[in-house]
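**Student:** Next come the chains, spelled out residue by residue.
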Amino acid sequence: MEVHYRVRWPVRLEVGFQVRGFTVLLGKSGVGKTTLLRALAGLVPGEGRPYGGLPPERRPVGYLPQDLALFPHMTAWENVAFPLKGPGRRAKALALLARVGLEAHAHKRPSQLSGGQRQRVALARALAREPELLLLDEPTSALDPLTKGQVLGELVGLIRREGLPALAVSHDPLLAGMADWLVVMGQGVILQEGLPAEVLSSPARVEVARLLGYENLFPAQALAEGVEVAGVRLRLALPPWARPGERVWLGVRAAEVIVVRPERPPPPENVLEGVLESLHPEGLAYRGVFRGPLELQILLPRHIQERLHLRAGQGLRVVLKPRYLHLMPG
Amino acid sequence: MPEPQFWTALRLSLEVASLASSFLLLLGIPLAWSLAFHRFPGKPLVEAVLLLPLVLPPTVLGFYLLLFLGPEGPWQRITGLTWAFRFEGLVLASVLFSLPFTLTAYREAFLALDPNLLEVARTLGVPRWRVWRHVILPLVWPGLLSGTLLAFAHTLGEFGVVLMVGGSIPGKTQMVSIYLYDLVQALRFAEAARAAFVLLLVSLAILVAVRLLERRWRAWRSTTG
Numbered sequence: 001m002e003v004h005y006r007v008r009w010p011v012r013l014e015v016g017f018q019v020r021g022f023t024v025l026l027g028k029s030g031v032g033k034t035t036l037l038r039a040l041a042g043l044v045p046g047e048g049r050p051y052g053g054l055p056p057e058r059r060p061v062g063y064l065p066q067d068l069a070l071f072p073h074m075t076a077w078e079n080v081a082f083p084l085k086g087p088g089r090r091a092k093a094l095a096l097l098a099r100v101g102l103e104a105h106a107h108k109r110p111s112q113l114s115g116g117q118r119q120r121v122a123l124a125r126a127l128a129r130e131p132e133l134l135l136l137d138e139p140t141s142a143l144d145p146l147t148k149g150q151v152l153g154e155l156v157g158l159i160r161r162e163g164l165p166a167l168a169v170s171h172d173p174l175l176a177g178m179a180d181w182l183v184v185m186g187q188g189v190i191l192q193e194g195l196p197a198e199v200l201s202s203p204a205r206v207e208v209a210r211l212l213g214y215e216n217l218f219p220a221q222a223l224a225e226g227v228e229v230a231g232v233r234l235r236l237a238l239p240p241w242a243r244p245g246e247r248v249w250l251g252v253r254a255a256e257v258i259v260v261r262p263e264r265p266p267p268p269e270n271v272l273e274g275v276l277e278s279l280h281p282e283g284l285a286y287r288g289v290f291r292g293p294l295e296l297q298i299l300l301p302r303h304i305q306e307r308l309h310l311r312a313g314q315g316l317r318v319v320l321k322p323r324y325l326h327l328m329p330g
Numbered sequence: 001m002p003e004p005q006f007w008t009a010l011r012l013s014l015e016v017a018s019l020a021s022s023f024l025l026l027l028g029i030p031l032a033w034s035l036a037f038h039r040f041p042g043k044p045l046v047e048a049v050l051l052l053p054l055v056l057p058p059t060v061l062g063f064y065l066l067l068f069l070g071p072e073g074p075w076q077r078i079t080g081l082t083w084a085f086r087f088e089g090l091v092l093a094s095v096l097f098s099l100p101f102t103l104t105a106y107r108e109a110f111l112a113l114d115p116n117l118l119e120v121a122r123t124l125g126v127p128r129w130r131v132w133r134h135v136i137l138p139l140v141w142p143g144l145l146s147g148t149l150l151a152f153a154h155t156l157g158e159f160g161v162v163l164m165v166g167g168s169i170p171g172k173t174q175m176v177s178i179y180l181y182d183l184v185q186a187l188r189f190a191e192a193a194r195a196a197f198v199l200l201l202v203s204l205a206i207l208v209a210v211r212l213l214e215r216r217w218r219a220w221r222s223t224t225g
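Line by line, the protein sequences give chains V and W.
Per this note's numbering, numbering of the first sequence is gapless, rising by one per residue and ending at 330.
Per this note's numbering, numbering of the second sequence is gapless, rising by one per residue and ending at 225.
Pulled out of the complex, with its shape left as it was, chain W reads as follows (with noise of 0.2 angstroms):
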């Protein structure tokens, strides 16, 4: 078995993970629809700095947010916290470095409605919440459900952004991916392995998740027709 301090980075990753995904969740559904269904002036520039974090080296990322958030940065000029190299500070990370995972999947999910239903809907003089409760969310929620269960596996294996942004600090920021590099540097590979078929097994089960959900909502969609 892995030492405690493992358990206690993996539950912090857990932590991060599940309010990051909470987040993504809230943020992601709002903006996935709007970026499916709207057209507003500036669209493309938007839907770019979305995907930023796709392409930009964690790294990169995780620097930008270390000035935003550390000490004298506009973070805290604006509310008084500083979040680098805290709990928060890795959420925020998580969140942003997740988002363009979150808003692909969640907008796949809403251009796969039917439209047809949507309109038909509306004639029906049936109001706005009604048609998101009984036909949106129905519809779309295993394709939801699997951009979240990603993102939330995206974040588990997060290193670089939340490195920069909280460093490596045990039983605070430590979180599990790192925990794991700093036992490769201290040349400790028996506890490192363990740690690490951990998380493979972790890993391996999202997946298998996220694989029989998008089976489902095939499934779903092919009764569309």
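Only chain V is shown next, with the shape it has when bound in the complex (with noise of 0.2 angstroms):
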């Protein structure tokens, strides 16, 4: 499905970007991610396709705003009832319910449900309507952090099985991941649109790198086999459109700066010396900053680090393969 909106107020925006199944539009807070959402679902002003034109209840989609909305004083299966008509509604709203797997929560309340309980029944009311496209603004917003992987895994799951396109705002990289489709906006535009491996492992722009966490960026200048930052050459591949002499951007995640083993001999190319200045635990990987020509951020899976037991103050060799080393234009 085609999406092309130009929206003036709240925010002023004008955007055109595909939704292929699980969509997830990434960007930052203020970008006007929202207001996209709103103005398909016809709550704010804007021109464009589709549904141009058409007041909210016509639109054909299921709208799931931050907050989800749902009604405090219905139970369960009387808010997925509420845009049902007719004697069967009760029936089919506790077969909505059972397709999101809350049949037996039927009869609660919003306020006795937890985070990705509301969010289902929210999913079950939108889908009640008969959408064409689902909307969902933020929705790692409302959920547990400890638990919220495995709940957004299972809402990302029943809608793919219901086979809706949906779109899905947030500036929560963690749902890029489980995206089919992946589009980065910034400011009132899109910057970047692709399958999510293609747009996490290759960025357009720094903005985008940035957005995507990027942990290492640099402004360099590229040279004709490879690039000069801050003085250190660095072997690579130029893609197609740097030319020699250019500014560019290099880019590199923390987790794909890898450490040279001291028993091991040094790879060829791309060697940095210096020191690790300090080193956390970071869940159960380490973070670390490595400081030598460049200033680096480290990331250490667990097996790594206790096999090299490394400590802040100590010498450390690090090497930056050509292959993870991303270039965008300057």
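Honestly, the hints are just simulated from the structure, not real lab data.
Just so you know, these numbers come straight off a predicted model, no measurement behind them.
Built from N, CA and C at the ideal position, the CB exists for glycine as well.
Just so you know, not all the hints are guaranteed correct.
What the hints assert, rightly or not - Label-pair restraints from in silico Cβ distances:
| id | chain 1 | residue 1 | chain 2 | residue 2 | range |
| --- | --- | --- | --- | --- | --- |
| 1 | W | Leu26 | V | Ser111 | 32 to 42 angstroms |
| 2 | W | Leu26 | V | Arg205 | 57 to 67 angstroms |
| 3 | V | Glu132 | W | Phe68 | 56 to 66 angstroms |
| 4 | V | His280 | W | Glu47 | 53 to 63 angstroms |
The two chains are supplied separately, each in an independent frame; assemble them into the complex guided by the hints.
**Tutor:** Right, here's the structure in full:
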């Protein structure tokens, strides 16, 4: 499904992108993500397709706002039955609740349900309207951080099973990893879209890289067979757009800065020598800062640290493998 | 026990208050809704005019109403009816006098509605009347009812406006507050004390009901979050 929209108020935006399966639109707060969703639902004035010019009542969308807006005075099944008409509404609502795995909670009020359960009631209510497109505003925000990943995985699984295209806007990179199609939005414009693996591994611009959590980003100059960053020459194959002498951005993820093991011979290229300035546990991994010709954030998996026993203050050699170095236009 | 004339006056007051509260409910809901959510030119002026009875001395309001409703007044010229010193005049005066209280209470009830609920209801393709019946009214009724009860109690206690518009014709326009005043003027303090005590109990009962409703309403609202 193609989406093309222009909105002037409350945020100015003009965007065009595709929705394929479970699509995540990633962007910082304030770039107009929520406004775009509300424009698609017909709740703020906007022009474009699909559904341009229709009042909200006549747009076949299932809109789940950030706070879900379940009716607090109704039970779960009454919420789901709200858009339904006729004598079979109760049975239909219960069937929809069963589809999202909540038949046992049909008689509870929203305040008696967990964040993830409320989300599924809101999904069932949206499905009752028989939409063509689901719109989800920050689906991660109402969830408990400890169970967020699992609850989201279940939600995305349910939506995929329904076979409905969905557009979820978020600033949470965790959600981006679950998408079928990833769209990255800047201030009022689309910066990049594509398959998540493509976008995550090769952001088209430095703004996208920042949003996707690239910890190490440097301005650099393209050379014939690599780049020069702060006086350091690194070898890599230039992408077709880059010409020697051009200003570019170099990005590398902390997890893809590789520590050279002392007992092994160092690789032939892109080795940097310096000091491990700090090292702290982060979950089961370890995050540290390497200071040498460049200052780099590094992220060591547990199995590496258990073998190397690195400590802050010690000397360290790291290698920046060409395949993990990513260039973007300057 | 108070004398029969007291019960006649109390009955009249209760009738006027019931009728005025019903009109306020009908008139107040759309007015308060548009004051809460719609923007239109001259809105501050409209709000000021509607709130005027709150600050105006009741006798001033009563005086203008008397001119408006009295013989040869504009109301008679338009409709051919004279409502001064009649039941209808008392009801109209009570509606105008209690309108600001009711509007303020209703508007607060509407503004406490979570706007997301109304938006989502629209996206679910449900007709407006069903949104009112199943979402708006169930969530705001305690607020509407407490506002209406306050207007009712306020009407029972009004004095200046009804005295100007209705006078004090026993059995016809003598409301209970005026009856009490007349007793005191006649130095009949024992009867006045009995009448005052009954009024005190009625007013207290209404306020307790309002407080209970407000508590219930807060409990509703806290589950919205």
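**Student:** It remains to establish, for every hint, whether it holds in the given structure.
**Tutor:** Hints, one by one, checked against the model:
1. In this structure, W/Leu26 and V/Ser111 meet the distance hint of 32 to 42 angstroms, their C-beta atoms being roughly 33 angstroms apart.
2. Checking the proposed 57 to 67 angstroms range against W/Leu26 and V/Arg205 shows it holds: the Cβ atoms sit about 60 angstroms from each other.
3. In this structure the hint that V/Glu132 and W/Phe68 lie 56 to 66 angstroms apart at CB holds, the actual value being about 58 angstroms.
4. Range check, V/His280 to W/Glu47: about 59 angstroms between beta-carbon atoms, so the 53 to 63 angstroms window is met.
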